[in-house]
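Q: Below are the chains, spelled out letter by letter.
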Amino acid sequence: MSRPSDLIQGTLDLLILKTVALEPRHGWAIAKRIQQMSQDVLQITQGSLYPALHRLEQQGWLKAQAGVTDSGREAKFYALTAAGRKQLARELESWDRLSTAIGLVVREAE
Amino acid sequence: MSRLLDRVRLRIRSLVGGGAADASLRDEIELHLQEQIDENIAAGMTRSEARSSAVRAFGPVSLVEEQCRDTRRVAIVESVVQDLRYSFRSLTRQPLLLVAAVSSIAVAIAANTSVFTIVNELMWAPPAARSPERLVEMRMGGGSHVSYRQWWDLSESGALDGLAGYNFETSVNWRTADEVVSLMPMVVTPNFFDVIGPRFAMGRGFTADEARAESDPALVVLTHRFWRERLGADPQVLGRALTFNARPFTVIGVLSSDFRSVAGLALSPEVYLPLGPSLAPDLNTLDPAAHVQLVGRLHDGQTLADGRAAIAAAGQRAAPAYVFKNLETVGQFTFIGGMQQFGRQEVVAAFLVVLLVAVGSILAITCANVAGLLLSRLASRGREMALRVALGASKRRLAQQLLAEGFWLALLGAAGGLLLMKVTTGLLSSAPLPLPAPLDIHADLTDSRLISYAVMLVLVTTFLCAVAPVLQATRKSQMAALKRLPAGFGRRWNLRNLLVVGQVAVALVLLLTAFLFLRNLTLSRALDPGFDVSRTSVALVNFVEGRYTPASRLVWLEQAVERLRHLPGVEHASYGRGAPLTLRSGMTTGAKVPVEGTDRAFQAFYQNNFVGPGYFETMGIEILAGRGFRDDDRRGGPAVIVVNEEFVRRYFPGEDPLGVSIRLPGPTPSGYPAEIVGIARDGKYRTLAEEQQAGVYEAYSQRSNRDRMAHLFVRTADGVTIAPREIARVIGELDPSAAVDVQPMKSALAFAFLPSQLGAALLGTLGALGLLLAMVGLFAVVSYSVSRRVPEIGIRLALGATRGAVLRLVLRDAMTLAITGCIIGLVAAWFVTSPLSIFLVPGLGASDPASFVGTTILLLLVSAAAAWLPARRALAVDPVSSLRAE
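Residue numbers (the working numbering), protein chains in the order written: chain F, 4 to 113; chain W, 271 to 1156.
Warning: the hint list may mix true and false statements.
With a straight-line Cα cutoff of 16 Å, these simulated EDC-like cross-link-like pairs (lysine to aspartate or glutamate) come out [to be verified]:
#1 F:Lys79 <-> W:Glu300
#2 F:Lys35 <-> F:Asp73
#3 W:Lys665 <-> W:Asp308
#4 F:Lys35 <-> W:Asp308
#5 W:Lys665 <-> W:Glu654
#6 F:Lys79 <-> W:Glu298
#7 F:Lys21 <-> F:Glu96
#8 F:Lys66 <-> W:Glu298
No wet-lab data here; the hints were simulated from the structure.
Note that the coordinates shown come from a computational prediction; the quantities given were computed from them, not determined experimentally.
Just need the whole structure built from these sequences, with the hints factored in.
A: Dropping the structure here:
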C-alpha cells in the first residue's frame, strides 16, 4: 500500500475536517463540497477520500451517524467530534503558520 | 468515556468482525457511485456513460477497500507495536533501572508462582491418570476405608466402570545390600493400574489378572523418583528383584516422572505393591492392613449422581454379609482434584491461602518500588514527554506507552520468575521433611492453571507498575510542569509518598503475621508435652509381616527391653504401640463407655495407647494416684488401665475413679471391662497445640494386636548420652529382619513441630522480604527528596539553620510517612490477622499485643535507619555552591 506523504495526508485531513465542521455529510457530499469550494482546483481521486475518512474516524475526530441524502438514500454521515474540532483548530493554526512561512520565503526569493 | 467505548467497539469489530465492517464499506462506496451517477445523468449523460464516468472518478474500488481495511487494523496494531518497540528501546537505555526492576519483579513472581505451584500440587491438580475427569473418590459409611472383601463386592457389582482400592498407612521393610529401610508403600488392589491408567516411563503396571491377591503376587511398580534416587536410575531395573518384608518382588514398571498419586497433598508413596497375603496375611478378616480407600472411575456418560446411586445400591446389597455396618450408606462421593479437595484439608488449605495472600502482598510492594523508579524516571524525562504532547500525542497514547513499559518489566520479570520458581520448587521437593512419604512438587511450565496464573500476574504487575506513572504523566499540573516550570517544593502527599505509605502499611501486616508465627513457634517449643524429652530416646521398630504372633512379639519386646536395661547408663526402658507426638502417636477413640456394675454409661472421646510395664517411669510421666503397669498385668489376668487427669475431670468429676471398672471397645465386639488402677499426669498426644485431650493407657500385654509396628523407649541417667546406633545394634541383634529407627525424643518430635516450624520459616521469610522491600522504597523516596531539596537546604543553611535542624527536617518528613503507614497497617492488621488464630497455639491470639507492639517498634526503627542513610546527604550540602547552582 502506498502512503501519501505527510503533507498531502495532513492537507486532506484538514480539508475533510473543515468540510464536515459545518454539518455532518456523507462521503460523496464531502468530495463534492471540496471540489466546489476550491472552484474545481482541487480534484481529489474520490476513492482516496475513504481511507482518510476511516482513519479520522479511528482517531476519534469524526464519528459516523446514519442519515438520508438529498436524493433520499440512507447513508453513513460523518460528523465532527469535540476532539475533531480541537484538531481542526490545531491544523488550521499550523496551516496558517506554514502558509505564512512559505509565503514569506517565496516572496523574499522574488 | 462513551467515546472511548465506541472506539473500542469499533476496533474490536474491525479486528474480529471484519466482515461486517467490509460490508458497510461496500454499501458506502455503492452509495457514493449512485449519487455521482445521479448527478452525471442530471448533467445529461446516458446511464452507461454516467456509470463509467462515476467509476473512473472514484478510482480502483478494490484498492480503496484494501486501504480502508489497513487503516482500521494498522491504527491499533501499529500503535501498540510502536509503543512496545519504543518503550523497550527506552528501557534498555537505562540498563541499571531495567535490571533492578526486572530482578525484583522476578523474585516476587517466583515467590507467587512457587506458592501457586504448591497449592496446585497439594490441593488442586487431578492425579495423573487416563481421563482423570471421570475419577471419583468415595467413602462408605462414616469411615475412610473398607475391607478387602467389601472392596471386592463393590467392585464386582459393576456399579462403576472400575473401582480400585489403595492404602498407604502401612509400611514395609526394604532390605538393601547393607541396611533395612522402612518404606511407606502404596498397597493397591490388583485392578489399580487398570482403573487409574497412569503413564509409565518404563515397563507397565500389573494387571488385575496377574496381581490377584489370592495368588500372592510378588510384583512391584516404582515411582520415577524412587528409581532415580534410590536405585541410581538403573536402566536394567525391569525384572530386578527388590526384597520387601524378606520376600523378593519383581520390578515390572517405573511410573513416569510427572505421575501424581491419588493420595493427594503431593504425597508420593515410593513403591506400588499389590495387596496380598505377604502384606496382609488374612485378607478376609478385619486385619487393618487389608483395608483400602476407594477410588472409582465413572462409566462413560455416567454422572456423579448416577454413580453415587449405583454405589449406594451395590453397598445396600452387600451390606448384610458384614458385621460392621459401613456399607449401608455412601458418606462421600466426589470427583478427585479441583476445589473440593480444599474441603478435605481445611487447615492446610487455609494456610496456603495465607501464603498466597502474603506473596501477593510482596508482589504489590515490589510493584510500588518499580512504580517509584518509573516515577522518578518520568520526572527526568519531563522534556521528552512535553515534546510528545506538543507533537500531538494524546493522553491515551502517553498512557499506552507507559503501560508498554510496565508490560515489558512484568513480562521479563515473569520469565525470570518462572525459571527461579523451577529452582525453588526443586529444592522444596528434595527438602528432608519428617513426613511418611516424600512430597513431589511438579513445577510443570506447561500446566494450564500455572500459565493462566502467570498471565494474570503479568497483567496485574503491568497495571501496578504503570498506574502511578500514568496518573502522573496525564495530570494537568504535570503538563504545566513539562513547560519547564521550576520543580516546585513538591506537595507533601505526592504519588511517591502515597506509594511508600502503602508499602509500609502492607509490610506491617506481613511483618505482624511473621511475628505471630515466630511467637507461635517459640511458645510451642516451650509447651510442656507432659513427658520428658531431654533424657529419653525412642526406637520405632517395624517387623516383617507374619514373623511373630501377638504372643511371641510380646516376648520379643520384653527381651529387647531387658537387654536395653542392661546397657550402661540406662535407667529405664519400656515399650508401647504408639509414641506420643510422633506420626504414630496412638489411636483416637470415641465410644459409649458403660460403667460396670451400674447402668451408667458416658459418651467418651479419648486418645489411647497400649504400653508396657515401666512406661511411665521411662517417659517421666508422673502417676498421681494408684499405680502404673506391672510385669504381672498379663493376658488372662484382670484387665487394667491408667487414665489421665483430663479423663477424670471429664467423666468422673468429683469422684475417685480408682477401682472403677469401665467397658472399653476392645478385642471382642462387645468390648472388655477394665479396672482403672492409676491416674497419670496430663500430656500432649497428637499435636503440641491440641486442646487437652482425655487419655487412656491400656496394658500392651492385654491389648496386643496384629500391628507390625511398636516403639521401644529408653531413659538414660542424667548426663549420660547413648548413641542411637548403639540402641539400634542391641535391638538388631534380636531380629536382623526388623527395620529399626532410633532417635533422641527431641528429634522424634520434629513432626509435632513441623507445622509451626514451616509456618514460622515461610512467613518469617516473607515478612523479612516485605520489610526489606518497603525500606528500599522509603530509602529511595528520602534520597530523591533530599536531592530535590538541595537548593532549599542550601538556603536554610545560609540563613543560619543548624545541620541538626536540617537533618531533623528531612527525618521528620520520612517518619511522617512511616508512621502514617504503620497506623493504616495496624488498623488493617486488626481485621486481616484475626483468621490466623486457627494456626496458633492456645493462649496466643491473633491480636497478641506483644506482636502488635513489637512489629510496630521494629518497623519504625528500621524506617528511621532507612531514612537516616540518605538523609545524611542533606548534611553534606554546601550552601554556597548549592545557591550558586540555583
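Q: Quickly compare the C-alpha distance for Lys21 of chain F and Glu96 of chain F to 16 Å and report which way the hint goes.
A: OK: Lys21 of chain F and Glu96 of chain F at ~13 Å, within 16 Å.
Q: Hint check: Lys66 of chain F vs Glu298 of chain W, CA-CA at most 16 Å. Holds or violated?
A: holds (15 Å)
Q: Would the pair Lys79 of chain F and Glu300 of chain W pass a check requiring their Cα atoms to be no farther apart than 16 Å?
A: Cα-Cα ~12 Å, so holds.
Q: Given the proposed pairing of Lys35 of chain F with Asp308 of chain W, does the C-alpha separation stay at or below 16 Å?
A: Status holds; Cα separation ~13 Å.
Q: Has the given pair, Lys79 of chain F with Glu298 of chain W, been kept, meaning a C-alpha gap of at most 16 Å?
A: OK: Lys79 of chain F and Glu298 of chain W at ~7 Å, within 16 Å.
Q: Take a quick look at whether Lys665 of chain W and Glu654 of chain W sit within 16 Å of each other, Cα to Cα.
A: holds (14 Å)
Q: Are Lys665 of chain W and Asp308 of chain W close enough, with their CA atoms no more than 16 Å apart?
A: violated (45 Å)
Q: For a C-alpha distance cap of 16 Å, please report whether Lys35 of chain F and Asp73 of chain F respect it.
A: Given pair Lys35 of chain F, Asp73 of chain F holds - Cα atoms ~13 Å apart, limit 16 Å.
Checked against the numbered hints given earlier, this structure breaks only hint 3.
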